[in-house]
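Chain residues, written in single-letter form:
2 protein chains.
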Amino acid sequence: MKLLSRIEEMVLLSILKLEDNAYGVTIRRLISEVTGKRWSIGAIYVPLERLEHKGFVESYTGEPTEMRGGRAKRMYKVTREGFKALEEIKRLHKALWESTSDWALDKGESK
Amino acid sequence: MKLLSRIEEMVLLSILKLEDNAYGVTIRRLISEVTGKRWSIGAIYVPLERLEHKGFVESYTGEPTEMRGGRAKRMYKVTREGFKALEEIKRLHKALWESTSDWALDKGESK
DNA sequence: CTATATCTTCTAAAATATAGAACAATTGAC
DNA sequence: GTCAATTGTTCTATATTTTAGAAGATATAG
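Residue numbers (my numbering), protein chains in the order written: chain P, 29 to 139; chain C, 29 to 139.
Calculated directly from the structure, the hints in this document are not laboratory data.
Among the hints, a few may not be true.
Copies of one chain are not kept apart here, so a pair can be met inside one copy or by any two copies together.
As the list claims (entries may be wrong) - Straight-line alpha carbon distances no greater than 25 Å define the calculated DSS-like cross-link-like pairs of lysine-lysine that follow:
1. 122 - 101
2. 118 - 101
3. 30 - 101
4. 118 - 82
5. 45 - 30
6. 112 - 65
7. 118 - 65
8. 118 - 30
9. 112 - 45
Produce the complete structure using the sequences and hints provided.
The following block contains the structure:
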């Protein structure tokens, strides 16, 4: 199985963090906050669709009965497969960074 | 500045870990080990070249005076810019995973 | 019905990832 | 010298992903 890409990882984690309020707009906002960068609409929705197609997230139509205008939300949640993919990334990240990170990055700073 | 991609991150960290023995073949081997997957030649060299073009790594021709056949190695080291990019990823990862990771992943496991 | 607010879908272009054939350079055997 | 074996890189083409934002959809308020 292929590894999650950076944006896929961020989208999945954002959905987890947003709990019952995870949909395109809030996911995009959260990712913008955490990265400090601007993200276009497509930069979020396209990977989101791909994640659904791969079975890493599921979506359902959000409650339309809220006192607000606008189109219905498409809400997302992470599937068990999505969790597994995240676990794999977590393991990989640990293996990659464990020994290297501190001393090596310090060395770089003081160069 | 754009975030490092997954493979760029892995290549940079591999170079750090390999210290004075970082070149195409060893980088590829290390990434294969840590991911448990097969990586083609191009899957390593292409990002490696891009990292050099962006100034995140520098290369030099390896010592040719070793008792062995074969073409000269192109050795790599991470530049200060490369370190900075890694630091950014490290911060991002921390922000993304800190609160979410444990309880959320556990919830997933027990679903 | 019109204006406004929210949100998603669609589409195209740019950038990256991925595979592996081809090429290059060095050693040792004869 | 030159042939085979070894080691490693460069080249190049295709597939996939990223990224941007226009267009479209739907709900409310007046």
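Results of checking the hints against the structure:
In this homomeric assembly, residue 122 and residue 101 never come within 25 Å of each other (Cα to Cα): the closest approach is 35 Å inside a single copy and 29 Å across copies. Proximity of residue 118 to residue 101 under the C-alpha cut-off of 25 Å is found in neither arrangement, the shortest distances being 30 Å within a copy and 32 Å between copies. Within a single copy, residue 30 and residue 101 get their C-alpha atoms no closer than 30 Å, and across copies no closer than 29 Å, so neither meets the 25 Å cut-off. For a Cα distance limit of 25 Å, the shortest separation of residue 118 from residue 82 inside one copy, 19 Å, qualifies, whereas the shortest one across copies, 27 Å, does not.
Within a single copy, residue 45 and residue 30 get their C-alpha atoms as close as 24 Å, and across copies as close as 23 Å, so both meet the 25 Å cut-off. Taking the shortest alpha-carbon separations for residue 112 and residue 65, only the inter-copy value of 16 Å comes in at or below 25 Å, while the best intra-copy value is 28 Å. For the homomeric pair residue 118 and residue 65, the shortest alpha-carbon distances inside one copy (23 Å) and between copies (16 Å) are both at most 25 Å. For a Cα distance limit of 25 Å, the shortest separation of residue 118 from residue 30 qualifies both inside one copy, at 14 Å, and across copies, at 22 Å.
In the homo-oligomer, the alpha carbons of residue 112 and residue 45 lie at most 25 Å apart inside one protomer (16 Å), although the nearest pairing across protomers, at 27 Å, exceeds that limit.
Hints 1, 2 and 3, counting from the list given before, are not met by this structure.
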